[in-house]
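> Line order of the protein sequences matches chains R and D.
For the first sequence, counting from 1, position 211 maps to 211 in our numbering; every step adds exactly one.
For the second sequence, counting from 1, position 38 maps to 361 in our numbering; every step adds exactly one.
Just so you know, the hints here were simulated from the structure itself, not pulled from any lab data.
Don't take every hint at face value.
Computed beta-carbon distance windows for the label pairs [unchecked claim]:
# : chain 1 : residue 1 : chain 2 : residue 2 : range
1 : R       : Trp315    : D       : Asp636    : 54 to 62 Å
2 : D       : Pro404    : R       : Glu215    : 43 to 51 Å
3 : D       : Met423    : R       : Trp315    : 20 to 28 Å
4 : R       : Pro247    : D       : Gln597    : 35 to 43 Å
5 : D       : Lys522    : R       : Pro116    : 30 to 38 Å
6 : R       : Pro116    : D       : Pro404    : 43 to 51 Å
7 : R       : Pro247    : D       : Leu602    : 57 to 65 Å
8 : R       : Gly167    : D       : Pro404    : 53 to 61 Å
9 : D       : Arg469    : R       : Val172    : 26 to 34 Å
Over the 12 Å line for every Cβ pair with chain D, so calculated as not near, a few chain R residues [to be verified]:
#  : residue
10 : Leu9
11 : Arg36
12 : Leu37
13 : Glu52
14 : Pro97
15 : Pro125
16 : Leu128
17 : Ile139
18 : Asp185
19 : Gln219
20 : Tyr221
21 : Gly229
22 : His239
23 : Ile316
Partial list, derived from the structure: chain R residues whose beta carbon lies under 10 Å from chain D [stated by the list, open to error]:
#  : residue
24 : Thr20
25 : Lys70
26 : Arg71
27 : Asp75
28 : Ala227
29 : Ala230
30 : Pro231
31 : Asn243
32 : Asp317
33 : Arg321
Note that the structure is a prediction, hence the values are computed from the model and not measured.
Beta carbons: idealized from backbone N, C-alpha and C, even for Gly.
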Amino acid sequence: MFRYLVRRLLWAVVLFFAVTLVTYVIFFLVPANPARLAAGQSATPEAVALVEERLGLNDPFYVQYWGFLKRLIFDGSLGESFVDRSSVNDEIFRAAPITAALVFGSMLLVLAIALPIGILSALRPRSLLDRGAMTYVLIGISLPSFWIGLMLSYLIGFKLGLTPIAGYCEVVSVPEASSCGGIVDWTYHMILPWATLAIVQAGIYVRFIRAEVMETMNQDYVRTARAKGAPERRVMKDHILRNALLPVVTILGMDIGLLLGGAIFIETVFGLNGLGGTAIRSIGQFDLPVLQGVVIFGAVAIIIFTLIVDLLYAWIDPRIRLT
Amino acid sequence: MTPLLDVRDLRTHFTTEDGIVKAVDGVDFAVERGKTVGIVGESGCGKSVTCLTIMGLNESRSTKSSGQVLFDGEDLLAANPARLREVRGQEVAMIFQDPMTSLNPVHSIGRQLVEAVLLHNECSKKDARRRAVERLKEVGIPRAERRIDDYPHQFSGGMRQRVMIAMAMINDPELLIADEPTTALDVTTQAQILYLMRKLQKDHGTAIVMITHDLGVVAETADEVVVMYAAKVIERGSVNAIFNQPQHPYTWGLLGSLPRLDANVDRLTQIPGQPPSLLNPPRGCRFGPRCPYVMDICKEKQPDLLPVSYDPDHVQACLLDEETKIREIEKLKAAVLAEAS
Chain R
1 MFRYLVRRLL
11 WAVVLFFAVT
21 LVTYVIFFLV
31 PANPARLAAG
41 QSATPEAVAL
51 VEERLGLNDP
61 FYVQYWGFLK
71 RLIFDGSLGE
81 SFVDRSSVND
91 EIFRAAPITA
101 ALVFGSMLLV
111 LAIALPIGIL
121 SALRPRSLLD
131 RGAMTYVLIG
141 ISLPSFWIGL
151 MLSYLIGFKL
161 GLTPIAGYCE
171 VVSVPEASSC
181 GGIVDWTYHM
191 ILPWATLAIV
201 QAGIYVRFIR
211 AEVMETMNQD
221 YVRTARAKGA
231 PERRVMKDHI
241 LRNALLPVVT
251 ILGMDIGLLL
261 GGAIFIETVF
271 GLNGLGGTAI
281 RSIGQFDLPV
291 LQGVVIFGAV
301 AIIIFTLIVD
311 LLYAWIDPRI
321 RLT
Chain D
324 MTPLLDVRDL
334 RTHFTTEDGI
344 VKAVDGVDFA
354 VERGKTVGIV
364 GESGCGKSVT
374 CLTIMGLNES
384 RSTKSSGQVL
394 FDGEDLLAAN
404 PARLREVRGQ
414 EVAMIFQDPM
424 TSLNPVHSIG
434 RQLVEAVLLH
444 NECSKKDARR
454 RAVERLKEVG
464 IPRAERRIDD
474 YPHQFSGGMR
484 QRVMIAMAMI
494 NDPELLIADE
504 PTTALDVTTQ
514 AQILYLMRKL
524 QKDHGTAIVM
534 ITHDLGVVAE
544 TADEVVVMYA
554 AKVIERGSVN
564 AIFNQPQHPY
574 TWGLLGSLPR
584 LDANVDRLTQ
594 IPGQPPSLLN
604 PPRGCRFGPR
614 CPYVMDICKE
624 KQPDLLPVSY
634 DPDHVQACLL
644 DEETKIREIE
654 KLKAAVLAEA
664 S
């Protein structure tokens, strides 16, 4: 188990370097002139050249990459924004909790919806519930998240006035000027974003869980358990779910990692200034350090969650742990 | 004395999209205490479904069963689910064909054995574990105290089947149903497993229903043989009667296709054709279309299972006259002897 852990950690480090290098190369190849943008539209060519010099944009890319790595490893710094010289770290630290709140909250909701529906559908295929669930799956998968978000915002937020239309409230460290704050306001503002992301994601999970449970139900060892005289509840819990949910853990972990990189549509619809919003803004402004900060954060999130999934998997599946 | 298991006119029909599959269509046999009954027949003739029905393990929604499964005089087919759960694993246990997939891969074998104990006994986990270790030793798992915490994938196929047997025998059942327990194993392991089962049977007085398509296994283990074809019993008798005085052309075919080490045969005899679809079985004798002795009457009348004149315990369902049969049996024996020489 320990050797497995070390091996996985080493792989995570290698992966991290690969990701930073690739993102760096891609941004280096983008045919834009960040110096021009940073200096402003009315800047003289001399001023632009000066900015280029200051930002180190004239150096060959490996020098820039090396500088970036050095900064990242020794100072733990992602650099400064081209646009306003603010720290990228600060921007990420400000935006990440908002995205994280959205992602984790909705994923809990996804499990709360998809686990019971998926399992019941598998137990009663072609029943009314199953047909209803499959219709929902189709809708959930087909409809774009921003449309669902806008509809919920319009109907529940605007027409019925039950929730805010958009916006975000801090839980801790509420700014002085802010009109809202605290756990209640925060939840109140997050309900629609959570629901939107959950509706979209739960469809996939219902289908996936249903398929996994149905497949596992027909395994020989499930029949063995029944032949031992195990009651159905126990067969479901100990023999079916334990096996059926293994792949669900994988997908869940990867999805969380992926979404942490920014749920761009939903953040935009609900005016949540998370990583998605930050990414959009930095793209518009060719603010490469900030955009790169978001990408690296997203990549690290995926690496970390993949690692967590692998470790979790090894913990629950002896076949992986012991080979 | 009433037999331990008395299966009477058992029918199991599955509703499928294509129609009703009559997987078991009127099966009768009985198992005496401590004895072994072998059920033989080709794949898909209803052997396994018969046993799953006895255990009440068929998917309930699409399945209709009728007839009687009298276990110790109690009709299991009419028993409620709670009673059935009590019976399963305690009084009737089952082992399956594929030991590679019959154990839960995410639980240690100890946990699975202990579960089997605790489901039917009020005892501490420690006692259950002690019993599990005992049984593992009994089925020949070396270093059982340590191996009990291993997972199924750490065992070979033969060892896993031993674990399955230990799990089935852990509550001292009166009846063990073995659904092709050696089919997935290599030949030397097969012999070991059969030997083990015989030994356990002797030590514990367990009755065994041995499902197999391997007549060699039957010859080695069974006291009585039930030959099934297309969801029906076509011949039933003592192992001696079936091997020495087989009455049904299908049984002849099975015996003729048995590979022998002592015989010098270029080609094994085979039964031409395929077993019929159970969705829509042929009228008359179901073996008729494949039978070399088929007569006109076979196409009209489904033969009843009737006793052989000189052996009332030996029943068969073939309309051929006795003289022809005796002649054919002699021929079959002569052929086997000729090959052997």
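> Against the structure, test the hints numbered earlier, and report the numbers of the ones violated in rising order.
Of the numbered hints, 2, 5, 6, 7, 9, 15, 19, 20, 21, 22, 23, 24, 25, 26, 27 do not hold.
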